[in-house]
Amino acid sequence: MSDSAVLTDSLVRTLAYTPFIDPLDLHGAWFWLLLPLAVLIAIAYKAVRVPDMTSYVRQTVLFSAQIIFGIIGLYVAAIVTLNYILPAIL
Amino acid sequence: MSEPPKHHPPHGLNVPAGIGAMLFPGLGHIIRGEPKRGIMAAIGVLGMFFGGMLIGGIDVVDSREDKWWYYGEAFVGPIAWGVDWAHQNQFKAYGIPGNPPEAGEAGVFKSSDRQLQSEHALRSVFPGERRAVVDVEVAVGNGVKVETRRLPVAIPVQEGETDAGPPNNKSLAKVNEIGTLYALCAGMLNLIVILDALFPTLKPKLPTSAGNAAKDGGGDV
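Chains A and B are the protein sequences, given in the same order.
For the first sequence, the positions run 1 to 90 when our numbering is used.
For the second sequence, the positions run 1 to 221 when our numbering is used.
Keep in mind the hints are simulated off the structure, nothing from the lab.
Built from N, CA and C at the ideal position, the CB exists for glycine as well.
Warning: the hint list may mix true and false statements.
Lysine to aspartate or glutamate pairs mimicking EDC-like chemistry, simulated, CA-CA at most 20 Å apart [said to hold, decoys possible]:
1) K36(B) to D52(A)
2) K174(B) to D25(A)
3) K174(B) to E65(B)
4) K110(B) to D84(B)
5) K67(B) to E177(B)
6) K174(B) to D52(A)
7) K170(B) to D113(B)
8) K145(B) to D135(B)
9) K36(B) to E129(B)
10) K170(B) to D66(B)
11) K170(B) to D22(A)
12) K110(B) to E147(B)
13) K110(B) to D135(B)
14) K170(B) to D25(A)
Heads up, incomplete: computed chain B residues facing chain A, CB under 10 Å, no partners named [claimed, not checked]:
15) P25
16) M53
17) V60
18) R64
19) K170
20) S171
21) K174
22) Y182
23) N190
24) L195
25) A197
Modelling step: build the complete structure from the supplied sequences, incorporating the hints.
Now the structure itself:
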């Protein structure tokens, strides 16, 4: 295949993806997507729950951290339960 | 026994704000005179909704194949309804078997009202297929009457059709799950935003002194 044909082929393959219509290929890094989800949840939730918007940024950051550490904690709890506790019991 | 309050607190219901919040995320709080809250709520909700579409594609919003998830996503409002309408009417096709239309000739596609709801039901176009709007002979009722309808049909891509393919790629596995989760969380969070706009948390009015009126505002966590 000539250089121009290779370039055209790769360009066509790239253009075949349409944002917001086709999915992204993030199967190998899907867990990282939980981080922006936690931040966006905190942004929307704290927008209507903080009594005073002057403390909004601090409370949003705090809430994001709570969600992320909560998810990590649940993951650790699940790993410990499945790999150590249940095999010891059963 | 305490005395009844001399002045009833303002009623915690703001219908225009509630309607605005249902129409567009954050609009209710802007109507209530809290633009910062409204803008941040909109950023959060729409960021999640469109972030989900970016991750999983338009396939994450589907009122037919993922209806329980869609019931939550629909709380985002007309934006979600519009995306689903586009998905159902501009991207999906009926799985009716038949001869693909060749140049200058119409394909032969036959179905019935019952089949259009079951084995030929509207579905995503698969890889190796393309979407085409063709004439379909549909048996109506008991099959006595046959009418011709223009319907989108999934047609296998023929050899030589190098630039033909499905209008969208269906997302699978974890990418689909995460994208759907994003859009669902957007709907659920917008429900909270709608309720906060519709039923503002009110603080009781303090004992009278000039200019010492309490304001409406969000409640504590």
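Here is what the structure says about each hint:
Between the alpha carbons of K36(B) and D52(A) the distance comes to roughly 11 Å, so the proposed pair stays at or under 20 Å and holds. At roughly 10 Å between alpha-carbon atoms, K174(B) and D25(A) fall within 20 Å of each other, so this suggested pair holds. Between K174(B) and E65(B), the direct Cα distance comes to roughly 17 Å. Compliance with the 20 Å bound is thereby established for this hinted pair. Only pairs whose Cα atoms come within 20 Å are accepted, and K110(B) paired with D84(B) is rejected, the gap being roughly 27 Å.
The suggested pairing of K67(B) with E177(B) holds, with an alpha-carbon distance near 14 Å, which does not exceed 20 Å. Taking the CA atoms of K174(B) and D52(A), the gap is about 38 Å. The hint is violated against a cut of 20 Å. For the proposed pair K170(B) and D113(B), the alpha carbon gap of about 26 Å is over 20 Å, so the pair is violated. With a C-alpha separation of about 16 Å, the suggested pair K145(B) and D135(B) falls inside the 20 Å cut-off, and the hint holds.
The hinted pair formed by K36(B) and E129(B) fails the criterion: a straight-line CA distance of about 47 Å is larger than 20 Å. For the suggested pair K170(B) and D66(B), the alpha carbons sit about 13 Å apart, so the restraint of at most 20 Å is met. Taking the CA atoms of K170(B) and D22(A), the gap is about 7 Å. The hint holds against a cut of 20 Å. Under the criterion of a C-alpha separation no larger than 20 Å, the hint pairing K110(B) with E147(B) is consistent with the structure, at around 10 Å.
A hinted pair counts as satisfied when its Cα atoms are at most 20 Å apart, and K110(B) with D135(B) qualifies at roughly 9 Å. Our distance criterion of 20 Å between C-alpha atoms is met by K170(B) and D25(A), whose separation comes to about 12 Å. Because the beta carbon of P25(B) sits about 8 Å from the nearest beta carbon in chain A, less than 10 Å, this interface hint is met. Checking M53(B) against chain A: minimum C-beta separation of about 5 Å stays under 10 Å; hint holds.
Look at V60(B): its Cβ gets to within about 8 Å of chain A, closer than 10 Å, so that hint holds up. The interface hint given for R64(B) is violated, since its Cβ lies 18 Å from the closest Cβ of chain A, which is over the 10 Å cut-off. The closest approach between the C-beta of K170(B) and any C-beta of chain A is roughly 8 Å, which is under the 10 Å cut-off, so the hint is satisfied. Look at S171(B): its Cβ gets to within about 3 Å of chain A, closer than 10 Å, so that hint holds up.
Interface restraint check: K174(B) against chain A, minimum CB-CB distance 4 Å, threshold 10 Å, status holds. The restraint placing Y182(B) at the interface with chain A holds, with a minimum CB-CB distance near 6 Å, inside the 10 Å limit. Below 10 Å, beta-carbon pairs count as interface contacts, and N190(B) has one with chain A at about 8 Å; its hint therefore holds. For L195(B), the interface hint holds, the least distance from its beta-carbon to any beta-carbon of chain A being 9 Å, beneath 10 Å.
Hint status for A197(B) relative to chain A: holds, with the closest Cβ pair at about 8 Å, below 10 Å.
Violated hints, listed in ascending order, are 4, 6, 7, 9, 18; each of the other numbered hints is respected by the structure.
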